[in-house]
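Construct the entire structure; sequences and hints are all you get.
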Amino acid sequence: MDSVTTIAIVSIITAGFTTGIGTMFPALSEGKAVVSALQSVAQQPDAAPTITRTLFVGLAMIESTAIYCFVLSMILVFANPFWNHIIAQ
Amino acid sequence: MKLSPDQTVFWEYGFFSLNLTIVTTWGIMLLLVVSAALITRRLKTDMRISRWQCFLEMVVTGINQQIREVGLKHPEQYIGFIGTMFLFIAMANLLIILPWYEPPTGSLSTTAALAISVLFAVPFFGIEKSGFVGYLKSYIKPTVIMLPFNIIGEISRTVALTIRLFGNIMSGGLIVAVLLSIAPFIFPVIMTALGLLTGMVQAYIFSILATVYIAAAVQDSKKKSTITKLKEVQNG
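These protein sequence lines are chains X and R, in that order.
The numbering used here puts the first residue of the first sequence at 1, with every later residue one more than the last.
The numbering used here puts the first residue of the second sequence at 1, with every later residue one more than the last.
Honestly, I wouldn't trust all of these hints.
Per label pair, the in silico range of CB-to-CB distance [as the list claims (entries may be wrong)]:
(1) X:F78 to R:E76: 38 to 48 Å
(2) X:I87 to R:P184: 27 to 37 Å
(3) X:S40 to R:E76: 41 to 51 Å
(4) X:I87 to R:C54: 56 to 66 Å
(5) R:I190 to X:P45: 27 to 37 Å
(6) R:K44 to X:S36: 29 to 39 Å
Treat the hints as calculated values from the structure; they're not laboratory data.
Fair warning: this is a prediction, and the values are worked out from it, not measured in the lab.
C-beta: ideal position from N, C-alpha, C; glycine also.
Here's what the structure looks like:
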């Protein structure tokens, strides 16, 4: 098995694991955030605009970790620097 | 597979290359400026105003309201920056309903430019509010030990703004492109509709985060000035 094949196998498997694990935990925590925001809105409907805005900002913060993992796996699949290095040699 | 509209190059001379990102960015800028100039050419204060003036007033009032709710007392100072940013990103993301259109926000260079302008706008508004020294003092709060962390935070939130907008828009385009090869009839339409929602939410998030950062820079100094005023009152 030459180095190109090794790099391809490792990159693809790592990309899959990166997106898989990296979206699992942000999804769980976003669910928790939405649950507590909905409970707060149900208790205090007057504060709904403030809670919604804070929820959106927080969701964006949480979601950016998942987006980092996604961008990383996209780099690994489509623009792999190690692969390009080996090919250029 | 093309990851970003940067790779569609129309014309190249030396280090300058005219790619799809630049063309669509200037197209959107032209669209926004020309439509705003046409609408605001005949503004009226009668009971009956034109439809477009009503729409524009709703937009401006809504953005002002959002900025005020975050905690900036005079949104008129900041709407020129924040409102323009929101309208540009929202327009860039909403135009995906046009055929053969690729959103310029799906390119890392556009989002990096927007985030860097936020990076420079925060000290600009902070210095405008509290002076140069007063703004620099906000870096050594609460103690001097926090100085490197404040600087790292400033840089990392710029990177986070860049990657968040880029990743969301790029992933939307990529999913549609992948689905086109698997199930080309119904699902891409649904995913494009979802992309409209994501694009609006991301434009809102980007501008609200810029507002929060500016508000933090402005309010830090203001709180300090009220504390010093209180001290002066106590001493005097």
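Structure-based check of all given hints:
1. X:F78 to R:E76: 38 to 48 Å: holds, 45 Å
2. X:I87 to R:P184: 27 to 37 Å: 32 Å Cβ-Cβ, so the 27 to 37 Å window holds.
3. X:S40 to R:E76: 41 to 51 Å: 32 Å Cβ-Cβ, so the 41 to 51 Å window is violated.
4. X:I87 to R:C54: 56 to 66 Å: holds, 59 Å
5. R:I190 to X:P45: 27 to 37 Å: 32 Å Cβ-Cβ, so the 27 to 37 Å window holds.
6. R:K44 to X:S36: 29 to 39 Å: Violated - the Cβ-Cβ distance for K44 of chain R and S36 of chain X, about 47 Å, lies outside 29 to 39 Å.
Hint compliance for this structure: hints 3, 6 are not met, and every other hint is.
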